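Q: Listed below, chain by chain, are the residues.
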Amino acid sequence: MLIGPNGSGKSTLLRTLAGYIRPAEGHVRWCRQTAGEKEISESSEVSEVCHFVGHLDGIKTHLTAFENLQFWSEYLGAGDGGADIEAALERFSLDALATIPAGYLSAGQKRRLGLARLLVAPRPIWLLDEPTVSLDAASTDVLAGVINEHLKGGGITVAATHIPMHIEPLATLRLGVVAPEATA
Amino acid sequence: MQTLTQRLANPTRFMEFSGRLLPWISAAAALLIACGLYLGFSAPPDYQQGETVRIMYIHVPSAWLAMAIYSVIAISSFGLLVFRHPLADVSAKAAVPLGAAFTLLALVTGSLWGRPMWGTYWVWDARLTSVLILFFLYLGLMALRASLEDETLASKLTAILALVGIVMLPIIKFSVDFANTLHQPSSVLRVGGPTIEASLLTPLLLTAAGFTLLFSAMHLKAMRNEILRRRVKALQLAEVERAHTAQLAAAE
Amino acid sequence: MTAFFALLKRDLLLAVRQGGALGTALGFYMLVVTLLPLGLGADMNLLSRIAPGVLWIALLLAALLSLGRIFSSDYEDGTLDILATGTLPMELVVTSKSLAHWLSTGIPLALMAPILGLLLNLDLDAYPVLVATMLLGTPAVSFIGAVGAALTLRTYRGGLLIALLVLPLYVPTLIFGMAAVNGLLGVSGTSSALLILGALSLASVVLCPLAAAAALRLQMQ
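Chains as they are written, first to last, in my numbering: chain A, 1 to 184; chain B, 1001 to 1252; chain C, 2001 to 2221.
Keep in mind the hints are simulated off the structure, nothing from the lab.
These numbers were taken from a predicted model, which means no experiment stands behind them.
Mixed in with the good hints, there may be bad ones.
What the hints assert, rightly or not - Output of the computed footprint for chain C on chain B, the stretches with three or more beta carbons under 8 Å from beta carbons of chain C:
hint, segment
1, 1064 to 1070
2, 1149 to 1163
3, 1218 to 1231
Stated by the list, open to error - Covered by chain C, per the in silico footprint, the following chain A stretches (three or more residues, Cβ under 8 Å):
hint, segment
4, 47 to 54
5, 61 to 71
As the list claims (entries may be wrong) - Calculated cross-link-like contacts (lysine to any residue; reagent style SDA-like; alpha-carbon spacing at most 20 Å):
hint, chain 1, residue 1, chain 2, residue 2
6, C, 2009, A, 101
7, C, 2009, A, 77
8, B, 1173, B, 1132
9, B, 1173, C, 2009
10, B, 1233, B, 1152
11, B, 1173, C, 2174
12, B, 1221, B, 1097
Glycine is no exception: its CB is placed at the ideal position from the N, C-alpha and C atoms.
Working from the sequences, and respecting the hints, build out all of it.
A: Here it is, written out as structure tokens:
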């Protein structure tokens, strides 16, 4: 959980973790542990195994809700197909809107569609930057549930958010804290 | 043992080094250009072109510099993107306007030189056309850099454009030459026939060397200015950072 | 590879759904060609002589203006960020999008040229030749233009900047395109121009994505 005031660098940190920004110093590494075997990879590969949810929704307004998710499912590697997509839409209460062009959806609905992407392509690392923007309380709970399931399934989530969600963070990082300066 | 570029990578050391070197280069440039022009003007006029051939002493070095400076920019860009040399961007940024200026000078002097021969101020021959397109490449570099406020991003994107340009440049030159063999069998701006007399060659080489040193002097000076400008900006940004931190602390 | 084709399919689908973009490009093409006789006088002999060149140049301009947005629409709705997290390297993302542009805009423009040739009294012999050379040369137009689009992603201001950056780079395509037309018509030039044009297109398909992807990565920081 990343906490901090605006401008303290939460988005920058998340983008660096995702591999968009090359750190000036140091490395981003992630470690996969399967049945006792450890596998460490560098940040450039994190981008291939993460879901990044930023300020923008990541949906095309001229595709229907279903088509949007179908594309992400194919592109981000699951390639599974219909069943997952419908389940994802249902989870975020968008199943009734599946055949509607995404451009007609409200802000909250678009946000939910963008978040539904998390469900159509399984990836172990989730990097979420203020995911609850435009969401009402009910949807925020749905998201919290989704994140909890992800964590139970062995995934990692790094989230920056103002809204309290019913998730027990493993660690909290406060950004923007100023060490008390010695008086001149 | 460090190479020269490595040793100069430190801006402070560069400032010291260039500061000491600059007066010598400037003096040498002035000297060479003066000698070259003196010899050039005292040589007999060309039997074909008369007095106007003297423009060659400015045109040819300018044209050569137009190309050479782009190479300098390309090398600097490569140094920035591949080696992350700290002064690479300073070098590239300083060189672009200089390159554009010398290219423009080459175009104008080329046009003036050709006027008595062609009757017009411009022909679309291979060499002039290539230099004109080179001028556009310089303008593109300046326009791209000016359009971006983020200086780091601007430096890297301009570097990419410069490298794309240097790869395209031979292709462009080849295509323009190709087009010209189709339309215009004759070539222009031939200096004094197939061989250049010694009396014309020496002053030409002198002015060419002088102009090159002139560019070096101007380039170093522009780099120094750029380093100073960045220092000022860094100080200003530090001020902003201090105020921001103070505000964060106050919010605690 | 599924990702590559998924992206290609998506972009083509979007191009169809957002039909306006192609229509605008074709309309622009037609408009520029119309300005010629208005500006130069309707001397049909003159027009037929300059027709191939005019059609090539207007095509370059129309294609260039439609290229400015190939990355920015994805950048603005956040899709580009997510495309970067796919298993497809950025270079192939660029290749896919440039290819989509060629298929959805480059080819239609090339096919429109003979129709506009009617306005300019283009020689009948020249019709198939012109279309053939344009189809061969428009990949270079799409791919080289993509580099310009990547460089001006954030600072796209109505096409002026991208035009300034990319038009000098279009010079070889224009020259060899025209030389190929003339060569095939037997007017002048050699048949080698056609081969060089093809080589230019192939080289740009391979090399331009490298530069464009580098530029995009920098812009996404």
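Q: Hint by hint, note whether the structure agrees.
A: Against the structure, the hints:
no.	hint	result
1	1064 to 1070	violated (count 0)
2	1149 to 1163	holds (count 6)
3	1218 to 1231	violated (count 0)
4	47 to 54	holds (count 6)
5	61 to 71	holds (count 5)
6	C:2009 to A:101	holds, 17 Å
7	C:2009 to A:77	holds, 15 Å
8	B:1173 to B:1132	holds, 11 Å
9	B:1173 to C:2009	violated, 38 Å
10	B:1233 to B:1152	holds, 13 Å
11	B:1173 to C:2174	holds, 13 Å
12	B:1221 to B:1097	holds, 13 Å
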